[in-house]
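Enquirer: Modelling step: build the complete structure from the supplied sequences, incorporating the hints.
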Amino acid sequence: MKQIVSEKKSLLQKTTPKTGAPLWQRMWRERWIYLLITPGLIYFVVFQYLPLLGNLIAFQDFSPFLGFFESPWVGLDNFARLFSDPDVGIAISNTLIISLLQIIFAFPIPIALAIMLNNMVSDKARRFLQSILYLPHFISWVIIISIFQQILGGDGFINNLIRGTGGQPLDIMSNPDFFKPLVVIQVVWKDSGWGTIIFLAALTAIDLSLYEAAVIDGANKWRRIWHITLPGIRSTIILLLVLRLGTILNTGFEQIFLQRNAVGAQAAEVLDTFVYFRGVQAGDWGFSTAVGLVKGLVGLILILGANKLARKFGEEGLF
Amino acid sequence: MSEEAKRPTSSFSRRRFIRLAAATAAIIPAGGVILAACGDATSTTGAATTTSAATTTGAATTTRATATTAAAGTTAAAGTTAASGTATTAAAAAGTGVIPGGAPGVPDIYKALPPVFKSTARLPGNGKAVKVTVFSSGQPTVKEKSQNKYWQELEKRLGATWDVTIIPNSSYPEKLAVLSASGDMGDLVLVDLNSTPDQNKLIQQGAYTDLTPYVTGEALKEFPNLAKFAPQLWKNSSIRGKNYGVPRPRFLTSTGTLWRKDWAEKFGNPNPKTPDEFFTMLENFTNKDPDGDGQKNTWGLGDSGISGTNAFSSLAAHSTVMGMFKVPYPWRQNSDGSLTFFIETPEYKTYLAYMNKIWAAGLYYPDTLTQTGDQNRNNFVSGKYGGITDTVTGIPNATGRRAVAKTFNPNADVVMLPPPGVDGSQGYHYGGPGFYAMAMIPSKVGKDPERVKELLRILDFFAAPFGSEEYIFINYGIEGVDHTKQADGSPVVTDLGKNEIGDLPYIMGPQPVLYYPAFPDQGQIVQDAVKTLLSNVYVNPALTAFSQTWVSKQSELTTVVNDAANAIVTGRQPINTLDKLISDWKSRGGDTVAKEFAASIKG
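Protein sequence lines correspond, in order, to chains A and B.
The first sequence maps to residues 0 to 318 in numbering that gives the first Met the number 0.
The second sequence maps to residues 0 to 602 in numbering that gives the first Met the number 0.
Incorrect hints may have been included.
[Stated by the list, open to error] Here are the simulated EDC-like pairs of lysine to aspartate or glutamate, each with C-alpha atoms no more than 20 angstroms apart in a straight line: (1) B:Lys585 <-> A:Asp170; (2) B:Lys552 <-> A:Asp60; (3) B:Lys130 <-> B:Glu173; (4) B:Lys552 <-> A:Asp76; (5) B:Lys356 <-> A:Asp216; (6) B:Lys585 <-> A:Asp86; (7) B:Lys155 <-> B:Glu478; (8) B:Lys144 <-> B:Asp502; (9) B:Lys174 <-> A:Asp84; (10) B:Lys552 <-> B:Asp275.
The hints are simulated quantities; they were obtained by calculation from the structure and are not laboratory data.
Owing to the predicted nature of the structure, the values given are computational and were not obtained by experimental measurement.
Expert: Okay, here's the thing in structure tokens:
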């Protein structure tokens, strides 16, 4: 390993002999490159890094009228409030359960879907199917919940059928026990097709000659998927899984909020709705920011941890 | 669709309930006031009315008279003498197609426009630009100024550049926060403290101009149309005794139950009077096929569970059923001056048990908790259920529930249900404060008293009373462009007019009257509804009281009550969890809120 590095170094020295020059000289030499990256740099500083400073209001009783400089500092009060709130436990546990269910059930489906699409013989049919699968992603949650309501709701298609035959209507949409599975099913329906895009791209990168060789060796379809396709996109899968872990405390707001009423807070309060009721609605921006900061920190720790784990198992990971 | 109908059902705040005790309340002079101002009318005949030449802003004004009836002992702001009795107006008595309300707070019906008069004396503006922020009332987006004759004419009449930003209702709280953070809130902001309670905090921090010196006593006379607002309106919209905004007048009623009377008539009891009768009728609606299509596809009651922010859900606080059991909502004042929150009363327990009975019997629309306000209204007008929580202003006009229900079924007869009561007497109605939202002036602008007066003159222009030249222009636009005149002289807004006027004048308006030229029967139906509802109003003792804890905890406490009450009504939790709710409410700040309100009432 060391040898390789030193070899590289010597190579570098050979091709760019003036590495020893002062920094500004080197920068001047590469000025056009620096000029080219400036717009991107400015974008990140202005829209990504400077707003990070706004997180300071997590330590304030922030009032938009008084502004950042006049609002009183309250130390860790907002964080203390978050962790002493009697409802925060339920919100965190619901959030984690829903997120884990989504990772277990909703995460693998786009992979399977992508492999199925990839194995389709007819290009035309595949494109057609792909378009159809992408569509639900562009429908807003309000509409999707309505559609589910139209089918499964108390006045929905199924219950009206039952009522028409004189039966007792089923309680599906407003049953707290069904809430979490329903949320996962809705996510699967909405976003599985969209999720295939990256996997499909990864699939095209697999060398076709591998399949040919496998066919010649007598591998059947399943063997080919198991030994060629899946290992071929393994790094992509792990990459997305690591990223997904980083957002484990985000369940999405609208989908849950719209259905929370029907099943109650015990089953459906997640961190996002919790913040909405405690912070946003009451104009308590300091508190909302504090929760956001905690979520961000937890996400960062999870990403770093998962990344490390991935590297340990010989994967490339994120960085 | 009126904004009241969009307002969260069953919402409450300290200002949403008006004291209507006959002895203490000054009466909002129903629309009739204005007619007296009309010089041509024989404006002296009304027995109960005193018409005085209140030329408040000098000789130039053509507002000749301001007739205000008020309960004995209260002096009306416009300087008229108080008169006891009814709100019969001079013009009403003169018989010019007006059906007087006949009782305090009941609006008059106008069959036709009264003779035109001018209500403002001078050009309101000083030629400068006025930046206005309002939330949308659901009107179509207005056309650009350069292609909008109404807008151009409005600026001419205002004497100011009228820069209006119209924000969708749902994103208004965020928009207000961003505006105040930017330090440039413009000149006029429309604020509904019920849906943006965080603005209370900003008011306390001095973000808005204290208008008290401008709108009390002699100073108010400078604004003749604002001076016509009932004194009670100014009181109800005040915060800790100070007026931070100009209230937009509305009826004194809040939500009740809009009711399919034609369904109820089929079962022989159009107005159920007791809880049992009411329950039986809901059973009939659900099980006995009121729409006669041979299918079991109707329910007794329906509502929207996605109510607005900071509002009690329809299940947690159904206004009609609560009124039926005479729940002291939202506060009961005890003999020692302390306050009890409604959920702590035995009446509320009875209420919850009854609601649970309705739900368990399947008489409530099963998707109530997840449907939006629009879905709810659509389901009601299309005949899915017989009752919906709504205001009287949800009834009239072409877009109102009554007319729309008739497009689905010509026999549909949508009226306000006279409140049933537990002992057969009429149930409570939880009255409103008589206004909806306030026009407020940011403190930055308020440093210049002349500018404040200019802005108030502009609001005064928009508050031009019904029938005035300004009113007709503001609401109907330019004749031949925005409206056409029918044979009987009534203006009808054209499609172009709808897109030109929109919410441009939404910032302020006069006391509403009942004038529905296209629907001759609607005025009477609304008037009867208001009259019935106001005949037994529960007075919120904390209406104008203030509690800092309530301002900061309202959202959390409301959510806690909603969650627990929804669970009890729908049977997810047994009724004895009410005890846990009460202790939860108290420990989370409800106790402090009650104490602060009580202290605020004592003064």
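Enquirer: None of the hints should be skipped; say for each whether it holds.
Expert: Hint by hint, here is what the structure shows:
1. B:Lys585 <-> A:Asp170: The given pair, whose Cα atoms are some 33 angstroms apart, is violated under the 20 angstroms limit.
2. B:Lys552 <-> A:Asp60: holds, 14 angstroms
3. B:Lys130 <-> B:Glu173: holds, 18 angstroms
4. B:Lys552 <-> A:Asp76: Answer holds: Lys552 (chain B) to Asp76 (chain A) is near 16 angstroms, not above 20 angstroms.
5. B:Lys356 <-> A:Asp216: violated, 71 angstroms
6. B:Lys585 <-> A:Asp86: holds, 15 angstroms
7. B:Lys155 <-> B:Glu478: Holds. Lys155 (chain B) to Glu478 (chain B) sits at ~16 angstroms (cutoff 20 angstroms).
8. B:Lys144 <-> B:Asp502: holds, 13 angstroms
9. B:Lys174 <-> A:Asp84: violated, 28 angstroms
10. B:Lys552 <-> B:Asp275: With a Cα-Cα distance of about 37 angstroms, the restraint between Lys552 (chain B) and Asp275 (chain B) is violated, given a limit of 20 angstroms.
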